[in-house]
Amino acid sequence: MRENHLSPFTPQNPHQSELTATNVSYSVGEKQILDDVSVGFRAGQVAMIIGPNGSGKTTLLKALTGELAKTTGEVHYGSERLTRATAKNLARVRAVVSQQSEIAFPLTVEEVVMMGRYPHFATTPTAKDKRICTDILERMDLSAFANRNYLTLSGGERQRVQFSRALAQISGIEKTYLLLDEPTSYLDLKYQHEFLSIARERANAGSVVIAVMHDLTLAAQYGDYCVAMNGGKIVAEGVPSFVLTSTLLREVYEVQGVMLNQTELKYPIFVTSPIR
Amino acid sequence: MMYLLRRVRFGSIYAVFGVLLAAVGLLSIRTGAINLSYAQIWEFTLAALTGSPSPDSLHQAVFFQIRLPRVILSASVGAALSVSGVLMQALFRNPIVEPGLVGTSAGAAFGAALVFVLGKSIGAAYSDVLGAFALPVAAFAGALAATLAVYRFSALSGKVNVATMILAGVAVNAIANAGTGFMAYIARDPQARSITFWTLGTFTGADWKSATLVTTTMLLCTALALRHAKALNALLLGESDAMSLGVDVRRLNITLLVLNTVLVGTATAMVGVISFMGLVVPHLLRLIRSADNRFLIVASALLGAILMVIADMITRTLIAPAELPIGVITAFVGAPVFLWLLFRQHRDNEGKGGFYA
Chain A
1 MRENHLSPFT PQNPHQSELT ATNVSYSVGE KQILDDVSVG FRAGQVAMII
51 GPNGSGKTTL LKALTGELAK TTGEVHYGSE RLTRATAKNL ARVRAVVSQQ
101 SEIAFPLTVE EVVMMGRYPH FATTPTAKDK RICTDILERM DLSAFANRNY
151 LTLSGGERQR VQFSRALAQI SGIEKTYLLL DEPTSYLDLK YQHEFLSIAR
201 ERANAGSVVI AVMHDLTLAA QYGDYCVAMN GGKIVAEGVP SFVLTSTLLR
251 EVYEVQGVML NQTELKYPIF VTSPIR
Chain B
1 MMYLLRRVRF GSIYAVFGVL LAAVGLLSIR TGAINLSYAQ IWEFTLAALT
51 GSPSPDSLHQ AVFFQIRLPR VILSASVGAA LSVSGVLMQA LFRNPIVEPG
101 LVGTSAGAAF GAALVFVLGK SIGAAYSDVL GAFALPVAAF AGALAATLAV
151 YRFSALSGKV NVATMILAGV AVNAIANAGT GFMAYIARDP QARSITFWTL
201 GTFTGADWKS ATLVTTTMLL CTALALRHAK ALNALLLGES DAMSLGVDVR
251 RLNITLLVLN TVLVGTATAM VGVISFMGLV VPHLLRLIRS ADNRFLIVAS
301 ALLGAILMVI ADMITRTLIA PAELPIGVIT AFVGAPVFLW LLFRQHRDNE
351 GKGGFYA
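Residue numbers (the numbering used here), protein chains in the order written: chain A, 1 to 276; chain B, 1 to 357.
Calculated from the structure, these hints are not laboratory results.
Careful, some of the hints might be misleading.
[Claimed, not checked] Across the chosen pairs, the derived CB separations fall in these ranges: (1) 141(A) / 318(B): 53 to 61 angstroms; (2) 318(B) / 92(A): 52 to 60 angstroms; (3) 27(A) / 314(B): 52 to 60 angstroms; (4) 335(B) / 23(A): 51 to 59 angstroms; (5) 204(B) / 172(A): 57 to 65 angstroms.
Ideal Cβ positions, reconstructed from N, Cα and C, are used throughout, including at glycine.
Make the full structure from the sequences, and use the hints.
Here's what the structure looks like:
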């Protein structure tokens with residue numbers, strides 16, 4: 001049994017989950033980065049993975065995408081085991097935005113976003129692919145950037161381009177998987193909300209949305225389900241109000257914290273300070 | 001400078017390059033120790049097509065046996081090395097990579113030198129037929145071993161590290177060059193002279209056999225590379241992003257490595273080491289139009305062919321009737337261009353991004 005002394009433990013029934021990890025472990029050398037993690041994610045929900053630095057959030061996300069080579073345990077998309085799924089089929093329903101992209105070439109914004117359509121066309125983009133790209137660039141306020149060199153963009157602008165690419169990839173399909181690693185890290189307030197609202201829309205349309213988040217206020221505001229990690233294990237999971245507690249702040253984040261539960265807001269705001 | 005021709009269609013650029021290639025090709029056929037006139041070229045071509053004998057057998061022999069195969073060979077080698085540059089840059093996800101830098105060319109040269117010098121000593125099994133195959137095969141094996149070694153070293157951490165790549169390239173180049181040097185040292189005189197000349201590249205040995213071999217391989221590999229152009233673009237985002245776009249990255253990497261080494265191995269086995277083509281050509285194309293690999297593969301083949309035909313023409317005319325090794329020209333032109341690119345990149349990005357990303 002998993003340790004859970006932080007909050008009422010309410011794991012989701014794996015049979016109702018669209019994306020599940022079962023007994024997933026991963027280690028580098030002696031260091032155990034993921035320690036026997038089992039978790040399920042449902043369609044229609046925005047799930048937030050939270051936890052301090054080095055707790056294994058990103059590694060869990062990478063285990064879910066299948067990017068890590070030597071994991072033990074199983075990951076299932078629906079009833080299909082990840083190791084049996086082909087990259088090509090998965091790419092048509094699943095988009096991943098990783099923390100940083102390694103682009104070293106002068107690609108234009110439009111070219112990067114069009115890459116999201118690659119799984120859907122054979123050699124040249126169809127009119128539909130072009131329309132999807134144009135629409136998404138417009139929605140993300142990137143139309144004026146279409147011909148800009150990606151390498152000259154700021155961190156936040158690059159993040160918007162990468163998110164647009166992911167949206168282009170799963171555009172027009174209802175049941176998809178959207179996996180985001182710290183999607184809002186470089187964004188200003190407006191785009192933080194814009195991104196998470198879009199994630200919300202995708203979930204409402206029937207997708208599985210999973211985001212690794214540092215901002216607990218945003219996690220509480222936009223998340224339906226929260227998975228808290230520490231030391232490579234899941235230490236709490238459930239609806240945000242169960243998971244995000246002052247006990248969690250103290251024991252997992254090692255800070256003092258209070259939650260301001262404004263009655264006119266549906267979600268708490270976190271105010272934290274160091275433990276004296 | 002970026003995207004100078006942004007609005008020009010890919011097809012129009014290909015067409016312009018195609019016309020240019022035909023023009024410089026024709027000019028190159030004319031030029032040399034014996035100059036041919038356009039009238040003669042037309043007459044010989046017509047005679048060859050109709051099968052009627054031509055009265056001027058000396059000039060005709062120069063045209064058919066020396067110039068024509070040489071121009072075809074130089075164009076194909078230029079195309080092969082430039083396409084190889086595009087593929088290597090995608091594989092290493094870095095725009096400064098080229099066959100000369102990561103040991104591919106030096107490895108191919110060493111492999112070929114082994115056959116060159118030791119081939120006859122292998123014994124009864126060696127024949128002219130086998131020799132004709134042994135040379136490109138050995139060059140391919142050397143090229144593959146060298147490239148694989150550098151790639152493995154530079155990607156030890158999972159992501160290609162530029163510093164490690166360059167240092168591993170220096171080491172592998174040193175080993176391969178030392179091996180080639182050793183072969184030259186133990187070789188009998190005529191072989192040794194040809195090895196030395198040949199480490200700087202030369203088209204003097206051009207004949208129909210080598211021209212056909214390089215052209216066929218180049219066309220085949222370019223066509224295959226074109227089929228992977230979309231995946232190559234996705235790979236520019238990094239391996240994990242490419243994977244999430246549906247690319248089988250492991251298989252793509254192996255395909256790229258093999259295509260590269262076939263291209264460079266064959267070309268190097270026939271004409272020796274010619275550096276900087278694979279670096280400069282794709283880079284120019286990225287500057288003027290796009291980094292889209294669909295465009296880069298076709299346009300690099302054409303522009304590489306054009307530039308190599310021009311470079312070959314210069315080697316034949318600069319100190320005529322003697323000839324310069326072609327590698328001297330490409331290095332004298334290519335290396336400063338490379339330095340200028342480094343400088344520009346540094347200035348534009350204040351040291352971050354670009355080459356060092």
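Each hint tested on the structure:
no. : hint                                : verdict
1   : 141(A) / 318(B): 53 to 61 angstroms : 56 angstroms, holds
2   : 318(B) / 92(A): 52 to 60 angstroms  : 57 angstroms, holds
3   : 27(A) / 314(B): 52 to 60 angstroms  : 59 angstroms, holds
4   : 335(B) / 23(A): 51 to 59 angstroms  : 56 angstroms, holds
5   : 204(B) / 172(A): 57 to 65 angstroms : 60 angstroms, holds
Hint compliance for this structure: every hint is met.
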